[in-house]
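I would like the entire structure built from these sequences, with the hints used as guidance.
Top line first, the protein sequences correspond to chains E and R. Position 191, counted from 1, in the first sequence is what our numbering calls 191; the numbers after and before it change by one each time, with no gaps. Position 168, counted from 1, in the second sequence is what our numbering calls 168; the numbers after and before it change by one each time, with no gaps.
Be a bit skeptical, because a hint or two may be false.
Since the list gives no way to pick one copy over another, a pair counts as held whenever it fits inside one copy or between any two copies.
As the list claims (entries may be wrong) - Below, in silico cross-link-like pairs of lysine-lysine (DSSO-like), each with a Cα-Cα straight-line distance of 30 Å or less:
#, residue 1, residue 2
1, 340, 282
2, 39, 101
3, 64, 420
4, 331, 29
5, 227, 282
To be clear, the hints were calculated from the coordinates, so they are not data collected in a lab. Values in this document were obtained by computation on a predicted structure and should not be read as measured data.
Number of protein chains: 2
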Amino acid sequence: MTGNDKAKQYGVTPQSQDFNEWYNEVVIKADLADYSPVKGAMVVKPYGSALWERIVRWLDDRFKETGHESLLFPTLIPMDFIAREADHVEGFAPELFTVSKIGTEVLDEPYVMRPTSETIIGHMWSGWLNSYRDLPFLHYQWGAVFRAELRTKLFLRTSEFYWHEGHTAHADEQEARGEVMQMLSIYHEFCRDVLALPVVRGEKTASERFAGAVATYSIEGMMRDGKALQSGTSHYLGQNFSRAFNVKFQSREQKEEFAHTTSWAISSRIIGALIMTHGDDKGLMMPPNIAPIQVVIIPVSRKDNVEQMVAEAETLAGELRAQGVRVRVDKREGLSNGFKYNDWELKGIPVRLELGPRDLENGVVVVKNRNADDKETLPRGEAVAGMVARLADIQAWLLQRATDFMLENTVTADTYDEFKAAIEAGKWVRAFHSGDPESEKQIKEETKATIRNEPLDGSEFFAEREEGVCFHTGKPSGYGKRVIFGRQY
Amino acid sequence: MTGNDKAKQYGVTPQSQDFNEWYNEVVIKADLADYSPVKGAMVVKPYGSALWERIVRWLDDRFKETGHESLLFPTLIPMDFIAREADHVEGFAPELFTVSKIGTEVLDEPYVMRPTSETIIGHMWSGWLNSYRDLPFLHYQWGAVFRAELRTKLFLRTSEFYWHEGHTAHADEQEARGEVMQMLSIYHEFCRDVLALPVVRGEKTASERFAGAVATYSIEGMMRDGKALQSGTSHYLGQNFSRAFNVKFQSREQKEEFAHTTSWAISSRIIGALIMTHGDDKGLMMPPNIAPIQVVIIPVSRKDNVEQMVAEAETLAGELRAQGVRVRVDKREGLSNGFKYNDWELKGIPVRLELGPRDLENGVVVVKNRNADDKETLPRGEAVAGMVARLADIQAWLLQRATDFMLENTVTADTYDEFKAAIEAGKWVRAFHSGDPESEKQIKEETKATIRNEPLDGSEFFAEREEGVCFHTGKPSGYGKRVIFGRQY
Numbered sequence: 001m002t003g004n005d006k007a008k009q010y011g012v013t014p015q016s017q018d019f020n021e022w023y024n025e026v027v028i029k030a031d032l033a034d035y036s037p038v039k040g041a042m043v044v045k046p047y048g049s050a051l052w053e054r055i056v057r058w059l060d061d062r063f064k065e066t067g068h069e070s071l072l073f074p075t076l077i078p079m080d081f082i083a084r085e086a087d088h089v090e091g092f093a094p095e096l097f098t099v100s101k102i103g104t105e106v107l108d109e110p111y112v113m114r115p116t117s118e119t120i121i122g123h124m125w126s127g128w129l130n131s132y133r134d135l136p137f138l139h140y141q142w143g144a145v146f147r148a149e150l151r152t153k154l155f156l157r158t159s160e161f162y163w164h165e166g167h168t169a170h171a172d173e174q175e176a177r178g179e180v181m182q183m184l185s186i187y188h189e190f191c192r193d194v195l196a197l198p199v200v201r202g203e204k205t206a207s208e209r210f211a212g213a214v215a216t217y218s219i220e221g222m223m224r225d226g227k228a229l230q231s232g233t234s235h236y237l238g239q240n241f242s243r244a245f246n247v248k249f250q251s252r253e254q255k256e257e258f259a260h261t262t263s264w265a266i267s268s269r270i271i272g273a274l275i276m277t278h279g280d281d282k283g284l285m286m287p288p289n290i291a292p293i294q295v296v297i298i299p300v301s302r303k304d305n306v307e308q309m310v311a312e313a314e315t316l317a318g319e320l321r322a323q324g325v326r327v328r329v330d331k332r333e334g335l336s337n338g339f340k341y342n343d344w345e346l347k348g349i350p351v352r353l354e355l356g357p358r359d360l361e362n363g364v365v366v367v368k369n370r371n372a373d374d375k376e377t378l379p380r381g382e383a384v385a386g387m388v389a390r391l392a393d394i395q396a397w398l399l400q401r402a403t404d405f406m407l408e409n410t411v412t413a414d415t416y417d418e419f420k421a422a423i424e425a426g427k428w429v430r431a432f433h434s435g436d437p438e439s440e441k442q443i444k445e446e447t448k449a450t451i452r453n454e455p456l457d458g459s460e461f462f463a464e465r466e467e468g469v470c471f472h473t474g475k476p477s478g479y480g481k482r483v484i485f486g487r488q489y
Numbered sequence: 001m002t003g004n005d006k007a008k009q010y011g012v013t014p015q016s017q018d019f020n021e022w023y024n025e026v027v028i029k030a031d032l033a034d035y036s037p038v039k040g041a042m043v044v045k046p047y048g049s050a051l052w053e054r055i056v057r058w059l060d061d062r063f064k065e066t067g068h069e070s071l072l073f074p075t076l077i078p079m080d081f082i083a084r085e086a087d088h089v090e091g092f093a094p095e096l097f098t099v100s101k102i103g104t105e106v107l108d109e110p111y112v113m114r115p116t117s118e119t120i121i122g123h124m125w126s127g128w129l130n131s132y133r134d135l136p137f138l139h140y141q142w143g144a145v146f147r148a149e150l151r152t153k154l155f156l157r158t159s160e161f162y163w164h165e166g167h168t169a170h171a172d173e174q175e176a177r178g179e180v181m182q183m184l185s186i187y188h189e190f191c192r193d194v195l196a197l198p199v200v201r202g203e204k205t206a207s208e209r210f211a212g213a214v215a216t217y218s219i220e221g222m223m224r225d226g227k228a229l230q231s232g233t234s235h236y237l238g239q240n241f242s243r244a245f246n247v248k249f250q251s252r253e254q255k256e257e258f259a260h261t262t263s264w265a266i267s268s269r270i271i272g273a274l275i276m277t278h279g280d281d282k283g284l285m286m287p288p289n290i291a292p293i294q295v296v297i298i299p300v301s302r303k304d305n306v307e308q309m310v311a312e313a314e315t316l317a318g319e320l321r322a323q324g325v326r327v328r329v330d331k332r333e334g335l336s337n338g339f340k341y342n343d344w345e346l347k348g349i350p351v352r353l354e355l356g357p358r359d360l361e362n363g364v365v366v367v368k369n370r371n372a373d374d375k376e377t378l379p380r381g382e383a384v385a386g387m388v389a390r391l392a393d394i395q396a397w398l399l400q401r402a403t404d405f406m407l408e409n410t411v412t413a414d415t416y417d418e419f420k421a422a423i424e425a426g427k428w429v430r431a432f433h434s435g436d437p438e439s440e441k442q443i444k445e446e447t448k449a450t451i452r453n454e455p456l457d458g459s460e461f462f463a464e465r466e467e468g469v470c471f472h473t474g475k476p477s478g479y480g481k482r483v484i485f486g487r488q489y
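So, in structure tokens, the structure goes:
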């Protein structure tokens, strides 16, 4: 699409009018991603890729700081590996991509494209592990995984998606469980401090566990339509996979034992969470801490001074870069200023600066925060010197807005009628539940709501310990606190 | 393998005795990579992955500096896309991985796992391109690609390997050819300045071109057995792919034109080149500029002062880190100093420091360069302050050694007998060749040697313009200079 074509098609369906349509349009029009000719797969475009690279970089640095090492395992996995852990194959079989021919050779034993890598990593570990001295294995890899999806939604539901998968092996359960909680904490910190996403840390119920896990923990965020999005998971796998793949070692006491393993992941879905938590009717709102472009400068020029004003804008950009700010000067030709303003608002750039000849003369610059209604005219030096603080303010504003929204749209319910009314109204519901899987299933069928998680003791949201009676079965609560129900992506 | 098992199996077959065996052992024993249960695919282990990450980081920074943008295209490609460019399908068909089932659904139109992405990128471009104002597209992606290999050799020949593939589209041939040469220069600079690999830049003959290219340029390095390894390629694709995928635009003159496209790549094979260019009988030699660990410190202790000496080693490490040096302290227990020395020499760490209680008392440290025979005992402050310069010296030494080796093992030949004798002796041969493809083919069948490339005018190696008579056909030289023949990996 050229600039002019885009101008014609300017604008997105307002978020408040049709959230799904807003999402689909904003992803395309902001140039984050596009549909591909491969069913269910997307193309991540430069703006989306720059965003993902920043996500990868932050997480990767934290993984390394906490002693983890990256590896690269094959994309293909022998089909029979998947079958070796009973729950695992049941969970993944319907989604597998099968490779049965290489060159002209038809394979006796087909491969699958990895839906996740516990199995092949377990296999490799069994060859690498001998003694407790070799442990822990603190491994992770970045890459693509493949799970068939019936309906594509860019970033949120694609057959191929991008992620890291962490895989660790430990000599005992306590250490493994410590790892699981450490990684959940890192995910929580990342969401809160970098993406400005308030998330609820908690444990999933048995029916929502990862296929093959003993315990699954998640972070859950609320989108602006009230639905939940599971934004990261961390699993304690017990000895399930180590038994299936013979990952054993000689203990300090000279006994043969199976390792306790974990796995954990955040995927490119998190970009969907970012979009759906922060946007507004005009488009995206990028949190400054992750924004590939934090400030955009629009040189406001007449036909006869384009080059001069671009040069002046570049000078201003240099002053901001010296403060560590990520800046882009919009030098595109043949587009109106109004189009450019709208375009960068749609892309969610936190701050826009406008610099015209008169501003230059007066030593001022026009400043527009993405989250503000009005422009400000500031002395240029002040605008530059205050930019880092301004960006921090916008970051805090976004986290506060999202937190307020989540709190305002979470209600308690003590009867099924209250529960259904709240779910229907797009709320999260805090309620007592017995823990009975059959009841969970029935509630899901009737209301499309599931237990998002049981908030962890001590976490900042919804974690109060409380006793009560299950709204659905009348049995005593199974968790010692209310759990979070919601519809989900 | 535990440390003790490794100690028992210490040592590698000397490079001078059996180069292939040396290579296979060194990759495994240095923990760079391992064989996997997937035919032809490897597992890249932490040391290899750290090395690859550093390669990726350097190149990625350069791509961005030169205005390129990263994207992520699907791993799968519709089979019929591959068939659309005639040379392309002929080149890749025998190596393709076919996906014909997703979940339980058998596909009418199978997908292939990408062997390279010109086709699907061409398809996407045709949707994105309208006007000359949209050009150039300066795109690249990092990822895995899949080409069946009959015999696995870790890093060098694996069915799945890692790379970036650059893809650019331009309004005219001149700009596209400029891009091709720019990327070849970046590859050359990377090999020379970072990996300490002397490489010959040049154009491939028609029979060695990329499937679908108008012109292919390569950088070729000489391994320590005299064989060549093509270490990077840059292709001018003309309008072949843009015609096949309808990548057209309205020119400044309002005419419809097809874009001129390029592609370029360096893959994880480059790690094979690094190993085979720099190693010696004891193992790897990592160039300091790419080494994940530049200096290893061995605390030399008795049983009663292990903790103290580790703490002292960490203090020393901190002093080096303050100089920007990448340091590892070897804290492994239950291993002899001798084992540790050998282990880190095998891994090719540029500098080893030994710190014992008496050294501490005397304010000295023992320094051993990987490329030197003898240890030095230096005042500690001097060793620390001189480390950056020492690493630079080792870097320069490696490039010089590899350059000398390449020059010493490249000979000229003017008759077929001279040619065959030199090839048989493991040399590169500079010779006049007619350019006749049939003659090239015959030479290859008889000697396994191919034309590596025609060195570019102005490049530092073997580029002198010269006229002469083809040693094989007696016809006049087709290149205005001698071309480089050699056996290849």
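- Report the numbers of all earlier hints that the structure fails to satisfy, in ascending order. Hint 3 is the one this structure does not satisfy, whereas the remaining hints hold.
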